[in-house]
Amino acid sequence: DGGITQSPKYLFRKEGQNVTLSCEQNLNHDAMYWYRQDPGQGLRLIYYSQIVNDFQKGDIAEGYSVSREKKESFPLTVTSAQKNPTAFYLCASSTQGQVGTFGSGTRLTVV
Amino acid sequence: EDQVTQSPEALRLQEGESSSLNCSYTVSGLRGLFWYRQDPGKGPEFLFTLYSAGEEKEKERLKATLTKKESFLHITAPKPEDSATYLCAVNYGGATNKLIFGTGTLLAVQP
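Sequence order for the protein chains is A and B. Quick note on numbering: this note's numbering labels position 39 of the first sequence as 39, and the sequence is numbered without any gaps. Quick note on numbering: this note's numbering labels position 48 of the second sequence as 48, and the sequence is numbered without any gaps.
Keep in mind that the hints are not guaranteed to be accurate.
Below, simulated DSS-like cross-link-like pairs (lysine-lysine); rule was C-alpha separation at most 27 Å, straight line [to be verified]:
(1) A:Lys14 to B:Lys42
(2) A:Lys57 to A:Lys71
(3) B:Lys59 to B:Lys42
(4) B:Lys79 to B:Lys63
(5) B:Lys68 to B:Lys42
(6) B:Lys42 to A:Lys71
(7) B:Lys68 to B:Lys79
(8) A:Lys9 to A:Lys57
(9) B:Lys57 to B:Lys42
(10) B:Lys59 to B:Lys79
(11) A:Lys57 to A:Lys70
(12) B:Lys79 to B:Lys42
(13) A:Lys14 to A:Lys83
(14) A:Lys57 to B:Lys42
(15) B:Lys42 to A:Lys70
(16) B:Lys42 to A:Lys9
(17) B:Lys42 to A:Lys83
(18) A:Lys9 to A:Lys71
No lab work stands behind these hints, which were simulated from the structure alone.
Go ahead and model the full structure; you've got the sequences and the hints to work with.
Written out as C-alpha cells, the structure is:
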C-alpha cells in the first residue's frame, strides 16, 4: 500500500544535540512538507519541497534544516539552534492540486 | 492577515445528537478548503475538499459545506467512533499547495 512513513515514532533529544527525523513516501508525489504541531496551535509549516534538490522555508524554518536528494525522501534535522523543539512533527506529500497525505508523526521531546 | 479560525474549541455530544463545527477564513485567493480528522497521536486523515461557495460534500455521517467566508462540518447522529479532533485548512494561493490550518475542534461523543 502507498503511504508516508515517518520514523522514529518517539525521539528524545538532549540539550545542544542535533536530531534527524525521517520521512519516506512511495506515492510518487512531487511535493513534500514538514509541519510542526503544538497544543492549542494549528499546524505550522517548517519547510517544503516541490521537486528534488529544491526546497523552501515555511513560516517557522529557524533552527531546522532539510534535504531533498531523492523524490521519496525528505528528512528534517532539528538543530541545537531550535530553542523549543518539543513538539509533534508531521510530514506530508502531495501532487499538484491534490490534497496532502500525512504520515503518522514523530513526537520529539527534549530531555 | 490570512487566518483560519475554528469554533468551538471543544464540543461534547451525546450519541445521536447532531451538531455542526465551524471554520471561518480570511484569505485572498482561496484555492480550496480542506477538512481532516485527527486521532490522538496520529497524523491528520483527509475527509473533504471544497473549492467554491455553495459546494457540499458528504461521507457517512459527515457533510461539509462552503460559503464565501466559512465552512461547516455537519455531523448527523454521531457515534462514539466519531470522537476526534477535526481540522480545517485552506490553500491560500500562490504557486504551491501550502495550507493554513485552524487550531481544530476536539469532538467527544458519549454513548
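Problem - Violated constraints from the hint list, given by number and in increasing order - result: 5 and 7
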